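Colleague: Sequences and hints are given; from them, build the entire structure.
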Amino acid sequence: MAIIKCNINGREQSLDVDPQMPLLWAIRDVVGLKGTKYGCGVAQCGACTVHLNGEAVRSCVTKVSRISGQKVVTIEGLSANNDHPVQRAWQEIDVPQCGYCHSGQIMSAAVLLRENPNPTDEDIDTAMAGNICRCGTYLRIRKAIHLAAGMDRKVGRNE
Amino acid sequence: MTVSRRNFLKISGMAGAVFSLGFYVPKHGEGAKIVKAAEAENFGVEMNAWIHIDTSGKVTIFSHRAEMGQGVYQAIPQMVAEELEVNLDEVNIVFAKGDQKKYGNQITGGSSTVRGSYKNLLNLSATAREMLIQAAAANWNVAKADCYAEAGHVIHKPSGKKANYGELVVDASKLETPKNVVLKKRSEYKLIGKPMLRQDTKLKTNGTATFGLDKQIPGMLYAAVERNPRLRGKVKSFDDSAARKIPGVKYVVKTRMGVFNTYREGVAVVADSTWAALQGKKALKVVWDDSGFEHLSTDEIYKRQREALQTQEGLSFKKQGDPAAIIAQAPKKLDVMYETPYQYHSCMEPLNCVAHYQPDKLEIWGPIQAPDWVQDYISKEMNIPREKVIVNMTFLGGGFGRKAFMDYPHEASVISKEVGAPIQVIWTREDDATQGPYRPGITYRCEGVVDNGEISAFKVKLAGQNVSHWQGGKKDAPNRSASEGFLKPYFDTIKNLSIQDVPFETPIPTMWWRSVYASTNGFAYESFLDELAVEAGKDPLTFRREHLKEERLNKLIDKMEDVSGWKNRKAKEGYGTAITECFASTVGQVVKVSRTADGKLKIDHVWAVMDCGWYVNPDTIKAQIEGSIVMALGAATHHQVTFKDGIPVDKNFYSYQLPRITDIPPIDIYIMENDADAGGVGEPGLPAFAPALTNAIFDLTGKRIRKLPFDMATV
Ligand code: FES
Ligand code: FES
Numbered sequence: 008m009a010i011i012k013c014n015i016n017g018r019e020q021s022l023d024v025d026p027q028m029p030l031l032w033a034i035r036d037v038v039g040l041k042g043t044k045y046g047c048g049v050a051q052c053g054a055c056t057v058h059l060n061g062e063a064v065r066s067c068v069t070k071v072s073r074i075s076g077q078k079v080v081t082i083e084g085l086s087a088n089n090d091h092p093v094q095r096a097w098q099e100i101d102v103p104q105c106g107y108c109h110s111g112q113i114m115s116a117a118v119l120l121r122e123n124p125n126p127t128d129e130d131i132d133t134a135m136a137g138n139i140c141r142c143g144t145y146l147r148i149r150k151a152i153h154l155a156a157g158m159d160r161k162v163g164r165n166e
Numbered sequence: 012m013t014v015s016r017r018n019f020l021k022i023s024g025m026a027g028a029v030f031s032l033g034f035y036v037p038k039h040g041e042g043a044k045i046v047k048a049a050e051a052e053n054f055g056v057e058m059n060a061w062i063h064i065d066t067s068g069k070v071t072i073f074s075h076r077a078e079m080g081q082g083v084y085q086a087i088p089q090m091v092a093e094e095l096e097v098n099l100d101e102v103n104i105v106f107a108k109g110d111q112k113k114y115g116n117q118i119t120g121g122s123s124t125v126r127g128s129y130k131n132l133l134n135l136s137a138t139a140r141e142m143l144i145q146a147a148a149a150n151w152n153v154a155k156a157d158c159y160a161e162a163g164h165v166i167h168k169p170s171g172k173k174a175n176y177g178e179l180v181v182d183a184s185k186l187e188t189p190k191n192v193v194l195k196k197r198s199e200y201k202l203i204g205k206p207m208l209r210q211d212t213k214l215k216t217n218g219t220a221t222f223g224l225d226k227q228i229p230g231m232l233y234a235a236v237e238r239n240p241r242l243r244g245k246v247k248s249f250d251d252s253a254a255r256k257i258p259g260v261k262y263v264v265k266t267r268m269g270v271f272n273t274y275r276e277g278v279a280v281v282a283d284s285t286w287a288a289l290q291g292k293k294a295l296k297v298v299w300d301d302s303g304f305e306h307l308s309t310d311e312i313y314k315r316q317r318e319a320l321q322t323q324e325g326l327s328f329k330k331q332g333d334p335a336a337i338i339a340q341a342p343k344k345l346d347v348m349y350e351t352p353y354q355y356h357s358c359m360e361p362l363n364c365v366a367h368y369q370p371d372k373l374e375i376w377g378p379i380q381a382p383d384w385v386q387d388y389i390s391k392e393m394n395i396p397r398e399k400v401i402v403n404m405t406f407l408g409g410g411f412g413r414k415a416f417m418d419y420p421h422e423a424s425v426i427s428k429e430v431g432a433p434i435q436v437i438w439t440r441e442d443d444a445t446q447g448p449y450r451p452g453i454t455y456r457c458e459g460v461v462d463n464g465e466i467s468a469f470k471v472k473l474a475g476q477n478v479s480h481w482q483g484g485k486k487d488a489p490n491r492s493a494s495e496g497f498l499k500p501y502f503d504t505i506k507n508l509s510i511q512d513v514p515f516e517t518p519i520p521t522m523w524w525r526s527v528y529a530s531t532n533g534f535a536y537e538s539f540l541d542e543l544a545v546e547a548g549k550d551p552l553t554f555r556r557e558h559l560k561e562e563r564l565n566k567l568i569d570k571m572e573d574v575s576g577w578k579n580r581k582a583k584e585g586y587g588t589a590i591t592e593c594f595a596s597t598v599g600q601v602v603k604v605s606r607t608a609d610g611k612l613k614i615d616h617v618w619a620v621m622d623c624g625w626y627v628n629p630d631t632i633k634a635q636i637e638g639s640i641v642m643a644l645g646a647a648t649h650h651q652v653t654f655k656d657g658i659p660v661d662k663n664f665y666s667y668q669l670p671r672i673t674d675i676p677p678i679d680i681y682i683m684e685n686d687a688d689a690g691g692v693g694e695p696g697l698p699a700f701a702p703a704l705t706n707a708i709f710d711l712t713g714k715r716i717r718k719l720p721f722d723m724a725t726v
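Protein chains in written order, with the numbering used here: chain A, 8 to 166; chain B, 12 to 726.
Since the hints were made in silico from the structure, they are not lab data.
Since the structure is predicted, the reported quantities are computational estimates derived from the model, not experimental observations.
There could be a bad hint or two in this list.
To be verified - Derived lysine-lysine pairs resembling DSBU-like cross-links, with alpha carbons at most 30 Å apart: (1) A:K12 - B:K256; (2) B:K372 - B:K261; (3) A:K12 - B:K293; (4) B:K499 - B:K330; (5) B:K213 - A:K78; (6) B:K611 - A:K150; (7) A:K150 - B:K613; (8) B:K613 - A:K70; (9) B:K130 - B:K155; (10) B:K718 - B:K330; (11) B:K213 - B:K172; (12) A:K150 - B:K201; (13) B:K486 - B:K506; (14) B:K314 - B:K44; (15) B:K247 - B:K560; (16) B:K226 - A:K78; (17) B:K293 - A:K70; (18) B:K428 - B:K247; (19) B:K201 - B:K44; (20) B:K613 - B:K581; (21) B:K130 - B:K201; (22) B:K344 - B:K330; (23) A:K70 - B:K256; (24) B:K499 - A:K70; (25) B:K499 - B:K549; (26) B:K506 - B:K560; (27) B:K213 - A:K150; (28) B:K293 - B:K560; (29) B:K261 - A:K12; (30) B:K296 - A:K70; (31) A:K12 - B:K226; (32) B:K506 - B:K718; (33) A:K150 - B:K205; (34) B:K662 - A:K70; (35) A:K150 - B:K570.
Modeller: Right, dumping it as structure tokens:
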């Protein structure tokens, strides 16, 4: 065990964990934030996507030791009021079905839009290809990202 | 705790006087009766669904269906708000706990939520509305006919007087329940039939929706289980010395769960974090007893199916005329085999379940499609009175049939009892992918003759596992679903027809998968129809139309032709079609394919036309069909479960490849408008896709694909 100091969703944390533990389980079981999901554990599905210093990473294959002194944002910290443009677009188009993949989808889409404010369909496909949706909401994901691209982007807090 | 009305009011935070109306079905097959919930309690009947209105006007529906992505959360409030005349955002919905005695069959399957309950719910809501109007009219001493309801108020038309429902609940509760209230006509609907946003979406965009895996209760430990990789068999011995050394591991226990009529044994590592449990599981050394059943490989399974179809006649599912005689004499006949693979449900949320066994009760929380079955099963298996087994449903991260099964709650309960603590069992993706039960893989032998542009003989035999056998179904009866997916009106025009089921067994546990047998039958029957159309020298849609003498279906075909530009297509341009029916809804699809400059096959477009009769929310229907097509695309062109020496080969998404955003073609969906009884929505969009796609590929390339899955890159 070791003490890992880091910042999660704007709050300083000091986690007493096995440094080998994947960030996913530290976030879920130790910090208690359950919005980040487990889907495969091997960086194949994107359900566990969080932001590490602003970059989208798969928390299931990121050792918690790697976040020491770093900034992590999870779906719970993406915006104060569920109103990041991506979240608003997701709500407007009613993207989720079961919803299980969408924490990860939204976190990936937020990074895409920060880096490429006006993505084409191809840009979206490339950026989102790591996120599986078993319910098949892909067409709506594309549509919602285009919609979010046209929205006022001042709202997101920890982006 | 049983969910009496009083308890319910506590749980849902309602206070003060409440007007509660519900319906119950006295006996299976009898009409529903609407009564006040308090009365029901007094004479001891239990409600199927209740509506509550409190003094603030807040409306709460108590529903007994699971939400797994198909939009129950939204469809039920939309129906209630329509007839009750309240705004949709004033309606809250609460899910019931599992109890078959109370709610009747609670399973969310067979696309049955709206189908099974809509008339009762509409009636219930309209009755409540009428009672509120009556209460207001009596208060004001005016004629009821001069009053109407709107947006949670009763309004007296001549004077403009207005009362909030909340002010009327006390008086309404005292009234007799009227009989035979008049329901709105379709043309009067304000909400039903309109696209509406789902109420659960917000919870799913900020991580607050609680899925099974997110459930936590005080003192809960985490369990990971090593189970027999051969889907059966027992634990011979195990060495847990390394597992016990992992920090955080508290217990290692042998466990088991019921899989239909057998038990699957395993070894559970219980720890204070998921991570410790998973590491402990990896460190286990288990020796399995795999004796007493065959260790089959995929090649062997399909070889046996083909042989059976070549050499045996099957149990007769349907026979009319004498197709065999016509086939025997015909100068030219078609005789082909279609092959469909085993499939895995692959819900995005792997299986998991929280159980807390205590001396006087057992409480379970999980992503559960059939809470009443779980309650029943575990009560029997663990010898606990059924009312002491409390089953709570969370959100489901996908279900597709898999989560209508009792094995994972059973296993969690056994482990909790064994270690004496509340535990959550988490299945890794690898566990989820390799433990079944699977959709059975089926081979079809299709023989047919066309004469004068018509089908003169049609004979289909199928060989594949019958999922009902796992549930104790009779083995000398044919599969009841042998023609599921195939349009029944064909039986009226194909005079010489036979469908047979050649019994086929393996030790692999199988069960329903989205759209059940239609998902495999649809491919065989609708591809074969296409072959017969080609043989007859006819346009595939015209050929179908000529064999389907039903107005509703002809209208569906008109629509398909219309939206896809079917009639203007050029010869061999890459258009294919298929029409299938299941759960009382029919879906026709047209797929257009082409080759890219580098010679690769590409899906340009999919058009789907749904006829599900009366419907609630077109947006939900479109979402379900989009999802069904994506799922069908995966099953047709990406993945299958294969077995080697009795062990499933693919363990995770790197080899069991699900469709990704890069694979998705444009999809246009249309819904037929009619007042026929409501059909299912969650599953019927799936079966027609694969045959429409392969029929399109035949149109473009002349190559007939008869085995799924196939690789688009190599056709
Ligand atoms: S759980 Fe991390 S990518 Fe699937
Ligand atoms: S919405 Fe269910 S997996 Fe994406």
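Colleague: Going back to the hint list, which numbers does this structure go against?
Modeller: 8, 11, 14, 15, 24, 28
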